Amino acid sequence: MEVVDSQLHVEEGTVKPCLKCKWQIADPTNPDQGQCTVNRTAMGSIWKRWIRDVHNMTCSKHEEGKLSFREHV
Amino acid sequence: MATMAPAVEYKGKVIDFPFENPEEEKIPDDELHEHLAKPSTERTKRLKARCRWKHASAGEFVEHGVRAGIERMRLVTEAHKASRGKPEVTRRALILERCLNKGTICLQTDEKIIGYHAEDPNYFPLYPELSYMNVKDYLMSDYSPQPEAEAEAINDYWKPYSLQAKCEQYFDPIDLTRMYQVSTMEAPTFAHGYNSIIPPYETVLEDGLLKRIKMAEEHIKEAKAELAKEPWDGSKQLSWIPKIDNWQAMVIADKAVIAWARRYARLCKIVAENFESDPDRKKELMEMAEISNRVPAEPCKGLKDAFQAKWYTFLVCHGIERYASGFAHKEDKVLYPYYKASVIDKTFQPMTHADVVEYVEMERLKISEHGAGKSRGYREIFPGSNDLFILTLGGTNRDGSDGCNDMTDAILEGARNIRTTEPSIVFRYSKKNRPQTLRKVFNCVRDGLGYPSIKNDDVGIEQMKYYSKFSMNNNGATDEEAHDWCNVLCMSPGLCGRRKSQKTRSEGGSAIFPAKILEITLNNGYDWAYSDMQLGPETGNAEDFKTYDDLLEAFRKQYSYVMSLVVRAKDVGRHIETQYLQIPFVSSIDDGCMELGEEATHLSEQPNGWHNPITTIVAANSLVAMKKLIYDEKKYTMKQLMDALKANWEGHEEMRKDFKNAPKWGNDDDYADTIIQSFYEDILGGEMAKVTNYSGGPVLPVGQAVALYMEVGSRTGPTPDGRYGGEAADDGGISPYFGTDTKGPTAVLKSVSKVQKNQKANLLNQRLAVPMMRSVHGFDIWHAYMDTWHDLNVDHVQFNCVSTDEMRAAQREPEKHRDLIVRIAGFSARFVDIPTYGQNTIIARNEQNFGPQDFEFMNLELGQ
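Chains A and B, in that order, give the protein sequences.
For the first sequence, my numbering gives the first residue as 1, with consecutive numbering after it.
For the second sequence, my numbering gives the first residue as 74, with consecutive numbering after it.
You may find that some hints are simply not true.
To be verified - Just the calculated beta-carbon pair ranges, DEER-fashion:
| # | chain 1 | residue 1 | chain 2 | residue 2 | range |
| --- | --- | --- | --- | --- | --- |
| 1 | A | 3 | B | 137 | 38 to 44 Å |
| 2 | A | 60 | B | 706 | 40 to 46 Å |
| 3 | A | 42 | B | 86 | 45 to 51 Å |
| 4 | A | 42 | B | 542 | 52 to 58 Å |
Keep in mind that the hints were calculated from the coordinates and are not lab data.
Just so we're clear, the structure is a prediction, and the values are computed from it rather than from any experiment.
C-beta atoms are modelled at their ideal positions from N, C-alpha and C, and glycine is treated no differently.
Pulled out of the complex, with its shape left as it was, chain A reads as follows:
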């Protein structure tokens, strides 16, 4: 399957894992999984996407850092 860089995809051993991305927040149950919050509307909605493996997934929107709790759900 073709990999679209702007979408979440598996990249074993990536140096830009979702775990370190500011748009990622941990999965509610399994800390090896996560939630991507990069999809945000002007009205303030956040449409999350599930991340199966926060250590080995990435995308071109990766930005290292951490958002404040105020900017999450």
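Based on these hints, arrange chain B on the given structure of chain A.
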């Protein structure tokens, strides 16, 4: 200047709404809440100023310095290793004993109620025996216990013994993945460790633990005699062995609790005699030492005894023996005998009513400081608060008389004065409640605390009687005992008292998400919007549903699959709890466990099964819109709708308007309400009631939302009610969707009252306009509304009473609005401690103003 409610013409008269307190005219709308806190003493003012809040939001702790402690993890591991070979229940008692004997104890300045459950009041304990994933999440967070390597080793040690690992083996890995991601269903208790309990405080306060020990020892003596009887009958006599183990574990646990309280007594005495220079504080400390030396070992004799014994019991039941959320008890009933002794009769620890109010404020601050090692999921879903600490007041006594007393009033006064988000309060509303107490309930409501949350007393009593019929040992609630109920957590009633109360959340709790289930129903069980995986059975695509009934039946199948899975997960958890997570201290203070030699997680006398549908109204409004626009009027095809949803309505704006403008819940609209009533009663309640849980009773819906309406909303794509992908879902269990209830507060009540069958509880959030509530007519309007609500047999209602101006001001300058409290759903939160996403959902709620049509329906007479 504050805004005054506009005059209303009613029954030929012009009704004005001047402020009840004219001074309030000078307070700007956008800072009202900052003027309402009035701690009753300098002590409680200081205690509030230095309170170690543990509010969490989006999984993060709001205050700096809050973190997980390692001490409990270390002690339970040492005890677990040292107790190899002993019966499991004995090991659990020895684990508790070690925590209490070796755990750090601390005494803080100014406090009169002492006790904490971690090595530092900024810390909270973790529970590696519950969920290894939860501990791992902490290890990967900024709040990791230190030293981290030791904590990691402890988690590795516990992994095979943990509740999570022991339960996981009984489930298909695909089902586990579906459960853990929390989109169609909440993850099971075994994966996050969240729990709830109603401790039988009454036995501790009335009997004292020395008496409980004596009772257990007598049972052991009798059991051993039975075991030795001749001629031997193995089919009967062997049953005494587990009972003996249980009673022996109870003795170990109770002795440990007494010794632990006496450690606190010694600490107070040492500080008083060696370090304290203030003679008044020295005297207080000596009195505290005397109290902790005596209780909970002996029965309480006065109100100071009762507050302290209750606090020790709370800590053990909720934080040390095992984690459990909640503060479930009927506090006014539990404490009133001691109020009477100390305030009215002055026979022991004499004090005034004002002194009692100060104690209430101090207890509220202890709760505010209490740390819970909750999972990330649970740190997300109570944003702006600590944990779900909820007590119950009011209602009726066993003989049907008014349950309100002077202790009820003191608790309400203290709550209003100190103004903390927790503990929340449930008030059982009865037509028999005395006016003076109702006025105090109203004062809290209009001050915007969001509590008391109001429950219908009669509905709760009938519910206890109903569940009693399913008691497996024919010892459920009697008609008299059915009056002894409190909310287990936010919404669901359960018996309280000396026995028959709920001891574990595997009985009732956890959630299911109809909006997300509808979304996958339209996509053959597939979740395209969040997880990109199959989440349920293949029940066909939306275009395959030729009739509305086809659609509904597909939903029913998806819903039923989830319901059976989640209750199976709870019951498997319960089964494992009975074998490895016994709670001998709780067993020792339950009269049923004591009499029968049973373990508290095992014994179920009164079933109380429930599960929480959350996001119901998004699903229900979506069904209404689809029925009207696709199946009835045929204005659109299902394919057109699915194309629009996949595009998040982009390029389909006119179509979205039609779906958005379709009839909505909460307007007394017959078309919408008929469909939605059937959805609640036949599908959500009807399918759930087919499930039987561990205790032999049905599982019934408790519609409520906590902040899962935000979380699941953000995991749900666009929906046919006109909602965009990622927008929050509905905020209650039966509340109208934000801003869609446009026909006034009594139209909401009329809609809600139509749902009666197959329900356990349903949360109704209403936002009241501040100026009218603070006017001279505020109480009369609210009182008439409550009587109308009661007469319509509605189960619940709770209120926000806060202006949009003030919330907007707090968004701009959060540091100036630390006392602004809002009701989320089932709990209250400090507004500035919740994410902007959540704040906007409170602002979006329709602010209800009462008009002439409402006054008329409520049969209200308004004088000038």
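Quiz item: Does the Cβ pair residue 3 of chain A, residue 137 of chain B satisfy 38 to 44 Å?
Solution: holds (41 Å)
Practice problem: Could you check the hint for me, namely that residue 42 of chain A and residue 542 of chain B are 52 to 58 Å apart, CB to CB? | Solution: holds (54 Å)
Quiz item: Do residue 42 of chain A and residue 86 of chain B keep their Cβ atoms within the hinted range of 45 to 51 Å?
Solution: holds (47 Å)
Exercise. For residue 60 of chain A and residue 706 of chain B, compare the CB-CB distance with the range 40 to 46 Å and indicate the outcome.
Key: holds (44 Å)
Checked against the numbered hints listed earlier, the structure breaks none of them; every hint is satisfied.
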